[in-house]
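Chains A and B, in that order, give the protein sequences.
For the first sequence, the working numbering begins at 1 and goes up steadily by one.
For the second sequence, the working numbering begins at 1 and goes up steadily by one.
Do not take every clue at face value.
As the list claims (entries may be wrong) - Subject to a maximum C-alpha distance of 27 Å in a straight line, what follows is the list of computed BS3-like cross-link-like pairs (lysine-lysine):
(1) Lys139/B - Lys176/A
(2) Lys164/A - Lys5/A
(3) Lys13/A - Lys2/B
(4) Lys13/A - Lys32/A
(5) Lys126/B - Lys73/B
(6) Lys122/A - Lys91/B
(7) Lys2/B - Lys2/A
(8) Lys148/B - Lys122/A
(9) Lys2/B - Lys164/A
(10) Lys180/A - Lys164/A
(11) Lys148/B - Lys5/A
(12) Lys3/B - Lys13/A
(13) Lys91/B - Lys173/A
(14) Lys173/A - Lys2/B
(15) Lys3/B - Lys167/A
(16) Lys110/B - Lys144/B
(17) Lys110/B - Lys2/A
(18) Lys144/B - Lys122/A
(19) Lys3/B - Lys5/A
(20) Lys167/A - Lys2/B
No lab work stands behind these hints, which were simulated from the structure alone.
Remember, it's a predicted structure, so these values are computed and weren't measured experimentally.
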Amino acid sequence: MKYVKQVISMFHKILMIELVFCFALIVYFPDKVTQLTGYRLYTVMTDSMEPTIPTFSLVLTRIIPIEEEIKPNTIVTFKANRFGDNILLTHYFRETQVGNDGNTYYRTQAEGKDFFDNYETKRSDIIGTYVCHIPFVGKFFLFLKSEFGFIWYGELAIVFLINKVIKTRWDEKEEKELVKDMA
Amino acid sequence: MKKSTLLSLATAGAIVATSAFTFAAWDTLNSTEQVATVTIRNPVTVKVTEDTATQLSTTNALNELPEYIGTAKVKLSNATGSGYHLEAAAKVYNGEVDVTTKLDTKATVKTATLDDGDKEIEVSVKPKDDQDSKDLANKQLTVKVEAKLVKDSAE
Numbered sequence: 001m002k003y004v005k006q007v008i009s010m011f012h013k014i015l016m017i018e019l020v021f022c023f024a025l026i027v028y029f030p031d032k033v034t035q036l037t038g039y040r041l042y043t044v045m046t047d048s049m050e051p052t053i054p055t056f057s058l059v060l061t062r063i064i065p066i067e068e069e070i071k072p073n074t075i076v077t078f079k080a081n082r083f084g085d086n087i088l089l090t091h092y093f094r095e096t097q098v099g100n101d102g103n104t105y106y107r108t109q110a111e112g113k114d115f116f117d118n119y120e121t122k123r124s125d126i127i128g129t130y131v132c133h134i135p136f137v138g139k140f141f142l143f144l145k146s147e148f149g150f151i152w153y154g155e156l157a158i159v160f161l162i163n164k165v166i167k168t169r170w171d172e173k174e175e176k177e178l179v180k181d182m183a
Numbered sequence: 001m002k003k004s005t006l007l008s009l010a011t012a013g014a015i016v017a018t019s020a021f022t023f024a025a026w027d028t029l030n031s032t033e034q035v036a037t038v039t040i041r042n043p044v045t046v047k048v049t050e051d052t053a054t055q056l057s058t059t060n061a062l063n064e065l066p067e068y069i070g071t072a073k074v075k076l077s078n079a080t081g082s083g084y085h086l087e088a089a090a091k092v093y094n095g096e097v098d099v100t101t102k103l104d105t106k107a108t109v110k111t112a113t114l115d116d117g118d119k120e121i122e123v124s125v126k127p128k129d130d131q132d133s134k135d136l137a138n139k140q141l142t143v144k145v146e147a148k149l150v151k152d153s154a155e
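Given these sequences and hints, build the entire structure.
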């Protein structure tokens, strides 16, 4: 029975380590995870897709190859240049239009708007298509990536160490009392 | 209750408390507070007025390339302040096709002051002495003028 308990405990530890490892990979090395899985997580920072996708939702995007056709009214994640800043947006793809320069542009649109976005989005700017989202979890991801996230890891480590020290002290005390009793 | 159970509960409590406190501290620092109010004034507009000459005037002389010259007007509104100047560019189209590079095209802003009102832009189109320009002979070309406010470069 004791042997079974030890095996279960070991499996539990391995599982926890693997979970933490996977989580750390997703949060801190998203490019590597994307290469391996073909999916990527993004945090929605604005209310442009509400109510379909609430602000601070964690969106799972499937990365699509450049030759893959995108159907109109699909929600896509794409690169855009807003006032000189390169940003990522998740909006509806509505239709393609051929510009005066002969290039094909993918017109995107925010939720509930009756006009297209102003961005000159080419097919190469579209990263992937929306799969699903978890509301508000994106904020936790932002927290983990911030300086406070690292402070939190430190706090957890301190709590864990205090727990271990107290347990070890108690075990030592019990062992001493046992030896005393036997003597 | 066993000592170990108490310790586990205390550990869980400490984790929850530190997590909540740290997250709340981060969230507070990240929130946006109102520090001032701002009233957006009317936007500055630059509009090419549409009643400009429909046909550019031309020079005709033997052994000289013709030059077609006209004036476009742009109307500036709410253009107060400094640090900006007006720039203009002309493009020539054969139907939908941009043929600007096949001709010598110039758009010159004729006014230096940047205040509200009509500003004149002199547009000049001159064919080059090459086959590309000759191919455009007897075709009705459209000249489009684009005017914009550009920030003065800090030199």
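List of violated hint numbers, smallest to largest
1, 11, 13 and 17
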